[in-house]
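> Below are the chains, spelled out letter by letter.
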Amino acid sequence: MNRVLAIALNTFREAVRNKVLYSLLVFAVAMIASVLLLAQVSLHEESRVTRDLGLGGIALFGVLIAIFVGVSLVYKEIDRKTVFALLPKPLHRFEFILGKFVGMAFTLLIQIALMTAVLFTALSLQGEFSGASAAILIRAIALITVEVMVITAVAVFFSTFTSPFLSGVFTLAVFIIGRSTPELTELVGKLENPALRFGFSAALELVPNLHLFYVSGSMVDGHAVSIHAAFVDWAYVGWAAGYGAAWAAVVLLFSMVVFSRRDFV
Amino acid sequence: MGDLVISSDNLQKSFRLGIFRKRVEALAGVSFAVEKNEIFGLLGPNGAGKTTFIKLLMGLIFPTAGSARVLGRPVPDLGAKQRIGFLPENPYFYDYLSCEELLDLMGRLFGLDARERRRRAGALLERVGLSRIVKESANLPLRKYSKGMLQRIGIAQALINDPELVVLDEPMSGLDPIGRREIRDLMVDLRREGKTVLFSTHILSDVELLCDRVAIIVDGKLRGSGPVDKLLSPRLLHTEVVLASGDRTEICEVAPDGDLDAVLRDALAAGKHVRSVTPRRESLEDLFMREVEAGTSRVSQS
Ligand SMILES: Nc1ncnc2c1ncn2[C@@H]1O[C@H](COP(=O)(O)OP(=O)(O)OP(=O)(O)O)[C@@H](O)[C@H]1O
Ligand SMILES: [Mg+2]
Numbered sequence: 001m002n003r004v005l006a007i008a009l010n011t012f013r014e015a016v017r018n019k020v021l022y023s024l025l026v027f028a029v030a031m032i033a034s035v036l037l038l039a040q041v042s043l044h045e046e047s048r049v050t051r052d053l054g055l056g057g058i059a060l061f062g063v064l065i066a067i068f069v070g071v072s073l074v075y076k077e078i079d080r081k082t083v084f085a086l087l088p089k090p091l092h093r094f095e096f097i098l099g100k101f102v103g104m105a106f107t108l109l110i111q112i113a114l115m116t117a118v119l120f121t122a123l124s125l126q127g128e129f130s131g132a133s134a135a136i137l138i139r140a141i142a143l144i145t146v147e148v149m150v151i152t153a154v155a156v157f158f159s160t161f162t163s164p165f166l167s168g169v170f171t172l173a174v175f176i177i178g179r180s181t182p183e184l185t186e187l188v189g190k191l192e193n194p195a196l197r198f199g200f201s202a203a204l205e206l207v208p209n210l211h212l213f214y215v216s217g218s219m220v221d222g223h224a225v226s227i228h229a230a231f232v233d234w235a236y237v238g239w240a241a242g243y244g245a246a247w248a249a250v251v252l253l254f255s256m257v258v259f260s261r262r263d264f265v
Numbered sequence: 001m002g003d004l005v006i007s008s009d010n011l012q013k014s015f016r017l018g019i020f021r022k023r024v025e026a027l028a029g030v031s032f033a034v035e036k037n038e039i040f041g042l043l044g045p046n047g048a049g050k051t052t053f054i055k056l057l058m059g060l061i062f063p064t065a066g067s068a069r070v071l072g073r074p075v076p077d078l079g080a081k082q083r084i085g086f087l088p089e090n091p092y093f094y095d096y097l098s099c100e101e102l103l104d105l106m107g108r109l110f111g112l113d114a115r116e117r118r119r120r121a122g123a124l125l126e127r128v129g130l131s132r133i134v135k136e137s138a139n140l141p142l143r144k145y146s147k148g149m150l151q152r153i154g155i156a157q158a159l160i161n162d163p164e165l166v167v168l169d170e171p172m173s174g175l176d177p178i179g180r181r182e183i184r185d186l187m188v189d190l191r192r193e194g195k196t197v198l199f200s201t202h203i204l205s206d207v208e209l210l211c212d213r214v215a216i217i218v219d220g221k222l223r224g225s226g227p228v229d230k231l232l233s234p235r236l237l238h239t240e241v242v243l244a245s246g247d248r249t250e251i252c253e254v255a256p257d258g259d260l261d262a263v264l265r266d267a268l269a270a271g272k273h274v275r276s277v278t279p280r281r282e283s284l285e286d287l288f289m290r291e292v293e294a295g296t297s298r299v300s301q302s
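Those sequence lines, one after another, are chains A and B.
Once you know that position 98 of the first sequence is 98 in the working numbering, the rest is easy, because the numbers rise by one and skip nothing.
Once you know that position 224 of the second sequence is 224 in the working numbering, the rest is easy, because the numbers rise by one and skip nothing.
Since the hints were derived computationally from the structure, they do not count as laboratory data.
One or more of the hints may lead you astray.
No more than 30 Å apart at the CA atoms, straight line, and that leaves these computed lysine-lysine pairs for DSSO-like [said to hold, decoys possible]: (1) 221(B) x 36(B); (2) 135(B) x 19(A); (3) 144(B) x 81(A).
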């Protein structure tokens with residue numbers, strides 16, 4: 001456990017010194033600026049606009065950073081040959097992967113916390129900040145956090161055996177397909193050919209249903225597939241977190257298996 | 001058998017290259033053993049398979065066939081790794097860390113507590129000649145280190161766990177003559193402390209000066225292994241005798257199977273003075289080239 005923590009700490013240190021966290025600062029400034037601008041345009045709706053923009057921004061930045069940093073997390077260690085000195089130390093290969101993930105997850109957690117703080121600051125500047133709305137926002141942000149963790153695990157998985165570019169493409173694909181799961185399920189259901197229908201629905205099972213973490217209204221074929229903030233309670237957040245954790249765990253397990261078997265040349 | 005620190009049994013490794021998956025045999029069945037408390041040299045030209053062999057021992061790559069045991073355990077074993085120190089070839093470390101932070105990280109992996117980590121880091125930086133630089137600029141990231149400095153910090157991190165076995169892949173590379181000398185002394189010190197050292201090199205003089213035993217690897221095959229003086233005894237080419245009579249000097253070469261006594265006796269009898277008698281041996285380089293080219297399998301067990 002100490003070894004995993006040592007790797008995690010080092011991963012976090014790398015992220016901090018890599019100035020990844022500073023992208024957040026840019027985001028925060030950009031968001032506050034746009035909020036002030038939009039608040040003048042949309043008069044009465046300003047708090048809703050701030051909220052939607054804020055949540056969307058946190059999800060977008062969270063996922064983008066998870067992909068950008070996640071795909072190079074393990075690859076860079078192999079490419080720069082830092083693993084050569086590390087793996088002959090008394091360390092299991094799976095502990096290395098776990099440590100990298102934990103360090104990255106911790107980095108992302110801090111980024112999301114900072115972005116949340118900026119959003120809350122913007123809302124209270126508009127005088128629209130109440131305990132009730134904060135609770136709803138925090139539930140939504142919890143869901144986003146779980147989604148970001150799942151994406152990180154997926155990025156780590158790809159990066160254990162392919163280049164950062166391909167890992168990025170694959171992870172982005174998983175994100176887009178995962179976010180559109182209800183729409184795609186609907187489409188696949190309409191297929192005439194039973195073999196195709198079976199094939200596609202099986203393929204959809206290989207991708208996590210990220211729509212579960214997407215807090216915004218959406219309708220498919222007249223049915224609400226929305227998990228809009230207003231409907232989301234803690235029980236749902238707990239259930240979704242369990243689903244996400246299971247996905248992340250399985251994907252990480254696969255990463256560990258791949259990483260344990262490969263040669264470092 | 002209990003004293004074998006490393007034993008490799010028919011260790012083989014082939015890589016697949018390019019789109020046609022062409023097979024490259026980097027190591028073609030290498031067997032030898034390293035005993036406790038010796039300095040063992042792994043000698044071979046570029047591309048011979050030295051690094052491949054060492055990576056197999058360290059569990060970084062898996063053998064195509066054969067097996068190896070390190071410190072009595074099959075590779076890779078966590079208990080054995082706890083007692084091994086390793087310096088990779090052309091080492092590269094986390095370049096955003098300072099060298100104290102790097103040693104601290106490595107110390108954590110060995111489960112050392114904070115005080116012990118600090119104590120050992122200080123002592124090791126002193127030992128590899130980096131403490132002055134660290135004192136001057138403590139937080140200098142490794143990114144800004146020169147190649148020789150990286151090599152030194154690499155050796156320091158290999159010793160953080162006070163290992164029983166130290167494996168060094170080309171420890172002298174990138175070091176200036178003083179640095180090479182220091183590393184040689186360090187290896188001798190390690191042997192005096194009862195440790196076992198395995199290192200790879202293509203520099204003959206390092207082997208000659210340091211090693212108890214060597215293995216010569218060429219083209220992925222073991223060409224020989226044994227004590228240095230037996231394996232690398234340079235052939236006598238001829239003996240050069242310099243004679244002087246009056247103010248004339250003459251040089252005659254006596255073949256290795258020639259009768260040196262008779263030559264000298266005759267010269268003295270003829271009233272000449274013997275100025276010098278020098279055996280001329282082939283250079284170590286020549287010998288090495290002969291090993292590489294001939295491929296004579298002089299596998300001596302000892
Ligand atoms: N990843 C790889 N893919 C294909 N071939 C490889 C790979 N790694 C090593 N080889 C080949 O295996 C052989 C042995 O390489 P190795 O690095 O072990 O040599 P070496 O003895 O360490 O040489 P040097 O003194 O230059 O370090 C070489 O012919 C090399 O081309
Ligand atoms: Mg090499």
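> All the hints need checking, so say for each whether the structure fits it.
Outcome of the hint check:
1. 221(B) x 36(B): With a Cα-Cα distance of about 24 Å, the restraint between residue 221(B) and residue 36(B) holds, given a limit of 30 Å.
2. 135(B) x 19(A): 27 Å, holds
3. 144(B) x 81(A): 17 Å, holds
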